[in-house]
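Take a look at the letters that make up each chain.
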Amino acid sequence: MANGVLKEGIAAGRLAAGEYQQNFSDLHVPFDAHEARVEADRCYFCFDAPCMTACPTSIDIPLFIREIATDNPLGAAETIFDQNILGGMCARVCPTEQLCEEACVRMEAEGKPVQIGQLQRYATDIAIAEDRQFYERAPETGKRVAVVGAGPAGLSAAHRLARYGHDVVMYDAHAKSGGLNEYGIATYKTTGNFAQREVDYVTAIGGITTVHGKALGHDFTLAQLSAEFDAVFLGIGLGGVNALRAEGETAAGVANAVDFIADLRQAKDVASVPVGRRVVVIGGGMTAVDAAIQSKLLGAESVTICYRRGKENMNASGFEQDLAASKGVSIRHWLSPKRVLSEGGKVVGLELDYTRMDGGKLVPTGETVIIPCDQIFKAIGQSLASDGEGVDLMGGKIAVDGEGRTSVSGVWAGGDCATGGDDLTVTAVAEGRDAAESIHRALIGSGITAQARLVEGARTHG
Amino acid sequence: MADLRNNFVGIKSPNPFWLASAPPTDKAYNVERAFKAGWGGVVWKTLGEAGPPVVNVNGPRYGAIWGADRRLLGLNNIELITDRDLQTNLREIKQVKMNWPDRAVVVSIMVPCDEESWKAILPLVEETEADGIELNFGCPHGMSERGMGAAVGQVPEYVEMVVRWCKQYSRMPVITKLTPNVTDVRRPARAAKAGGTDAVSLINTINSITGVDLDSFSPTPSIDGKGTHGGYCGPAVKPIAMHMVADIARDAETRGLPISGIGGITTWRDAAEFMALGAGNVQVCTAAMTYGFKIVEEMISGLNNWMDEKGHRTLEDFVGRATPNVTDWQYLNLNYITKARIDQELCIKCGRCHIACEDTSHQAITKELNGKRHFEVLEDECVGCNLCVNVCPVDNCIDMVALEPGMLDQRTKKVVAPEYANWTSHPNNPMPTHKKLEPAE
Ligand SMILES: Cc1cc2nc3c(=O)[nH]c(=O)nc-3n(C[C@H](O)[C@H](O)[C@H](O)COP(=O)(O)OP(=O)(O)OC[C@H]3O[C@@H](n4cnc5c(N)ncnc54)[C@H](O)[C@@H]3O)c2cc1C
Ligand SMILES: Cc1cc2nc3c(=O)[nH]c(=O)nc-3n(C[C@H](O)[C@H](O)[C@H](O)COP(=O)(O)O)c2cc1C
Ligand code: SF4
Ligand code: SF4
Ligand code: SF4
Numbered sequence: 000m001a002n003g004v005l006k007e008g009i010a011a012g013r014l015a016a017g018e019y020q021q022n023f024s025d026l027h028v029p030f031d032a033h034e035a036r037v038e039a040d041r042c043y044f045c046f047d048a049p050c051m052t053a054c055p056t057s058i059d060i061p062l063f064i065r066e067i068a069t070d071n072p073l074g075a076a077e078t079i080f081d082q083n084i085l086g087g088m089c090a091r092v093c094p095t096e097q098l099c100e101e102a103c104v105r106m107e108a109e110g111k112p113v114q115i116g117q118l119q120r121y122a123t124d125i126a127i128a129e130d131r132q133f134y135e136r137a138p139e140t141g142k143r144v145a146v147v148g149a150g151p152a153g154l155s156a157a158h159r160l161a162r163y164g165h166d167v168v169m170y171d172a173h174a175k176s177g178g179l180n181e182y183g184i185a186t187y188k189t190t191g192n193f194a195q196r197e198v199d200y201v202t203a204i205g206g207i208t209t210v211h212g213k214a215l216g217h218d219f220t221l222a223q224l225s226a227e228f229d230a231v232f233l234g235i236g237l238g239g240v241n242a243l244r245a246e247g248e249t250a251a252g253v254a255n256a257v258d259f260i261a262d263l264r265q266a267k268d269v270a271s272v273p274v275g276r277r278v279v280v281i282g283g284g285m286t287a288v289d290a291a292i293q294s295k296l297l298g299a300e301s302v303t304i305c306y307r308r309g310k311e312n313m314n315a316s317g318f319e320q321d322l323a324a325s326k327g328v329s330i331r332h333w334l335s336p337k338r339v340l341s342e343g344g345k346v347v348g349l350e351l352d353y354t355r356m357d358g359g360k361l362v363p364t365g366e367t368v369i370i371p372c373d374q375i376f377k378a379i380g381q382s383l384a385s386d387g388e389g390v391d392l393m394g395g396k397i398a399v400d401g402e403g404r405t406s407v408s409g410v411w412a413g414g415d416c417a418t419g420g421d422d423l424t425v426t427a428v429a430e431g432r433d434a435a436e437s438i439h440r441a442l443i444g445s446g447i448t449a450q451a452r453l454v455e456g457a458r459t460h461g
Numbered sequence: 000m001a002d003l004r005n006n007f008v009g010i011k012s013p014n015p016f017w018l019a020s021a022p023p024t025d026k027a028y029n030v031e032r033a034f035k036a037g038w039g040g041v042v043w044k045t046l047g048e049a050g051p052p053v054v055n056v057n058g059p060r061y062g063a064i065w066g067a068d069r070r071l072l073g074l075n076n077i078e079l080i081t082d083r084d085l086q087t088n089l090r091e092i093k094q095v096k097m098n099w100p101d102r103a104v105v106v107s108i109m110v111p112c113d114e115e116s117w118k119a120i121l122p123l124v125e126e127t128e129a130d131g132i133e134l135n136f137g138c139p140h141g142m143s144e145r146g147m148g149a150a151v152g153q154v155p156e157y158v159e160m161v162v163r164w165c166k167q168y169s170r171m172p173v174i175t176k177l178t179p180n181v182t183d184v185r186r187p188a189r190a191a192k193a194g195g196t197d198a199v200s201l202i203n204t205i206n207s208i209t210g211v212d213l214d215s216f217s218p219t220p221s222i223d224g225k226g227t228h229g230g231y232c233g234p235a236v237k238p239i240a241m242h243m244v245a246d247i248a249r250d251a252e253t254r255g256l257p258i259s260g261i262g263g264i265t266t267w268r269d270a271a272e273f274m275a276l277g278a279g280n281v282q283v284c285t286a287a288m289t290y291g292f293k294i295v296e297e298m299i300s301g302l303n304n305w306m307d308e309k310g311h312r313t314l315e316d317f318v319g320r321a322t323p324n325v326t327d328w329q330y331l332n333l334n335y336i337t338k339a340r341i342d343q344e345l346c347i348k349c350g351r352c353h354i355a356c357e358d359t360s361h362q363a364i365t366k367e368l369n370g371k372r373h374f375e376v377l378e379d380e381c382v383g384c385n386l387c388v389n390v391c392p393v394d395n396c397i398d399m400v401a402l403e404p405g406m407l408d409q410r411t412k413k414v415v416a417p418e419y420a421n422w423t424s425h426p427n428n429p430m431p432t433h434k435k436l437e438p439a440e
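The listed protein sequences correspond, in order, to chains G and U. Residues 0 to 461 in numbering that gives the first Met the number 0 are what the first sequence spells out, letter by letter. Residues 0 to 440 in numbering that gives the first Met the number 0 are what the second sequence spells out, letter by letter.
Worth flagging that the hints you see were computed from the coordinates, not collected in a lab. One thing to keep in mind: the hints can contain errors.
Below, in silico cross-link-like pairs of lysine-lysine (DSBU-like), each with a Cα-Cα straight-line distance of 30 Å or less [what the hints assert, rightly or not]:
{"hint": "1", "chain 1": "U", "residue 1": "K309", "chain 2": "U", "residue 2": "K366"}
{"hint": "2", "chain 1": "G", "residue 1": "K111", "chain 2": "U", "residue 2": "K366"}
{"hint": "3", "chain 1": "G", "residue 1": "K267", "chain 2": "G", "residue 2": "K310"}
{"hint": "4", "chain 1": "U", "residue 1": "K118", "chain 2": "U", "residue 2": "K35"}
{"hint": "5", "chain 1": "G", "residue 1": "K111", "chain 2": "U", "residue 2": "K93"}
{"hint": "6", "chain 1": "U", "residue 1": "K309", "chain 2": "U", "residue 2": "K293"}
{"hint": "7", "chain 1": "G", "residue 1": "K6", "chain 2": "G", "residue 2": "K396"}
{"hint": "8", "chain 1": "G", "residue 1": "K111", "chain 2": "U", "residue 2": "K35"}
{"hint": "9", "chain 1": "G", "residue 1": "K295", "chain 2": "G", "residue 2": "K267"}
Quick caveat: nothing in here was measured; it's all calculated off a predicted structure.
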């Protein structure tokens, strides 16, 4: 029997079983073959396509769409994977409305871009379902590379390195690979255990050994890795969570949004994940939106996102904000947390300062408001959970050059933990791939030997 | 309201939209429905000689090509003439004509190419009080293997001979339906005229194989692993049909011979175009087979509105108006110089015009300006070919602008001459007549 949305406090099982299933099903119903062909036909096969320029991994979008249009989805998948081996996840989670689809000329023509993400999903789903591998490893080079972090950046780097014939050992602190694909992305964006299926698909190339439950800084040091391996890639993401700096933050009911989301992602049954009756989420990014929406989907009666600046400053895309609104989340701006109110050690409300801009600085106006709530999620940004172990940091991230090289010779970094790029899955993939290319060049030297040349997939082998 | 009434070789119908001889006109049931829907006339599905009727294949008889959303673009069929008993058809024709005296009912006929066969069937058809007959010299599959249909239509002497028999043994108006499966459609048309035909109708279907099953390696439609060529029709054949209609309309020998235009007509506009090229009315098959009979409402309303807008009161006001403008290449004005011009406001920057021109034509469209994607025509390279207009996905985005006499053509660095000048007098012509020829009026 469902507990109901009105039950006070933090409780599991607020909804009936069927409601959970419906709430956490696929956000976008995937295309069937006919829908894909019709949508693909909308693509103009642009010259110097702006969508392609807007994709951080530079997928040849017009080509893969044309391959779908001509009933060649495997060819399309190969075109996608050539540039982005995590094209399946990117198709699900990319904020396309800010990337490829925003740039689509059909956006300018009629405000309705070609649904590139959905088409990308169509093609990659077919290849992954058929376990169709497009790449063979080049002959073994004898070089060994350590990849720390098995998130999008690490997986992308590992795959490219393995293709080149290098021997990769991937270390991850978690029990599963995938990084935030497994522990962070909203449930309704990656249903059916897709993150793990994709990890299996990517690592199936061979030459990649994964060691789980081993963390850099705890179980080994960077110096040890550097000594043991020919090169090291760091893709450790942002494991730390910024503090709220509000009074009473330690009350029961105050939690990190990322932990809540991770619990939800790992739950065997989402109905077992407790949520408050009245939830407040603090933040303005994708994490805040995801925590808020999923609280609502778990049956919270009211969910409010409080962001300290205006709508235009929010990191969450317009699409994400609209999605939140459509699920019944209310978003309030110009509010900054001041004090957590609690009774008997449990949260009962949040007092917030109204804020405004004053000469380029955010200041409290002096007025406050109290929002009654029994659960508060902090989503005010993640931070590097490592001191860098000797590599230079910049603005709280590992400093890298255009190829992902850190200040320490033989150590590369990419993804969220490194400087440059937006904190998106697709940028992590791009950075991992480019760092792998740089590592390969360094390992092989300028004169790439015939032996180490990339083995192309079916395309060139015909 | 414009007057859509049609008088085609004395056969009257309330509008110029007839259904062509095909499945939509195979029985009283369909034809009754068609007339209720508003069709002006029908050409009854082709009748054969008395005796056991022909048999059709029992597997698929159609093949098709489609656009992305399964819009039917071209249809292929291997159906034969009617497979129903002759007497049944004749009885139904008589009844339908009685029920619908204001509609045109024309009967299509195909019997063996001997005088006796034609002499035998003509009085039977005449007895139905149908308005006329159409001679099916066009069916390109099956029947042609038996020396009928296109096998007759491809031999002008046979065409003339059969038409002559029909005129001799019948008082009914004779429409000779031509096959497009010839190198020069004017020859059978001239023969039909020589035989005394009242009109020609065209086109029948075009020999075609629409597809190959890449697993079984059978052509489609596949009948137990084998296929045969069929007859192609539908929107895809319209340009071919219009060319043939125009060829007959402007031929010195057949000029003035009434034409019933057929081939891919799907909308009022298609019909208007055929008629402008010289067709006195039109016949429709595939469009009706795709969408049902209701499309005639759109055709009637569209033609009406267009005629009203242009001030054409009757069909005669525009039939044949485009015919004199169809000419030979050698008479095209070489002093008519156009340049493509891109409306930057409308341009969505897809770059198709650039890559089409760059890769396959004249390198006359830019791809960037100040490091930004920008597509603009270079007048000193543009030959005015119009390829960019055809590949541009935006309506009216690229215009072909004619240079006024006296302006400088940036490409040739020559001033545009005001006078008409064609190839016959061009200095590069290796066989110049040195006397400029004008197109015959
Ligand atoms: C809630 C949430 C929702 C998001 N939604 C989207 C979205 O919809 N679309 C989108 O594009 N982006 C989204 N993002 C951002 C996206 O998930 C990240 O940008 C992306 O995962 C970064 O990849 P990464 O490989 O750099 O890091 P991560 O995915 O964080 O992976 C890092 C990996 O390193 C491991 N690790 C960390 N420290 C150590 C260590 N010391 N030793 C060993 N292993 C370690 C971790 O266990 C983890 O597996 C979201 C982020 C969050 C938090
Ligand atoms: C299934 C089918 C059967 C046809 N049968 C005949 C026929 O019996 N007699 C005939 O003269 N034309 C026949 N035709 C040709 C049509 O009358 C018409 O000439 C041709 O289809 C082109 O017109 P459309 O493009 O409007 O279909 C047939 C066409 C189809 C599709
Ligand atoms: S990876 Fe993301 S941005 Fe690039 S094409 Fe795919 S969906 Fe668009
Ligand atoms: S911009 Fe749009 S139309 Fe052009 S290639 Fe990309 S997806 Fe296709
Ligand atoms: S084809 Fe048309 S829309 Fe596309 S760039 Fe050229 S002019 Fe612009």
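Here is what the structure says about each hint:
1. U:K309 / U:K366: violated, 41 Å
2. G:K111 / U:K366: Status holds; Cα separation ~24 Å.
3. G:K267 / G:K310: violated, 36 Å
4. U:K118 / U:K35: violated, 34 Å
5. G:K111 / U:K93: Violated, because 56 Å separates the two Cα atoms, which is more than 30 Å.
6. U:K309 / U:K293: holds, 25 Å
7. G:K6 / G:K396: violated, 42 Å
8. G:K111 / U:K35: violated, 42 Å
9. G:K295 / G:K267: Given that 30 Å is the threshold and the Cα spacing comes to 19 Å, the pair holds.
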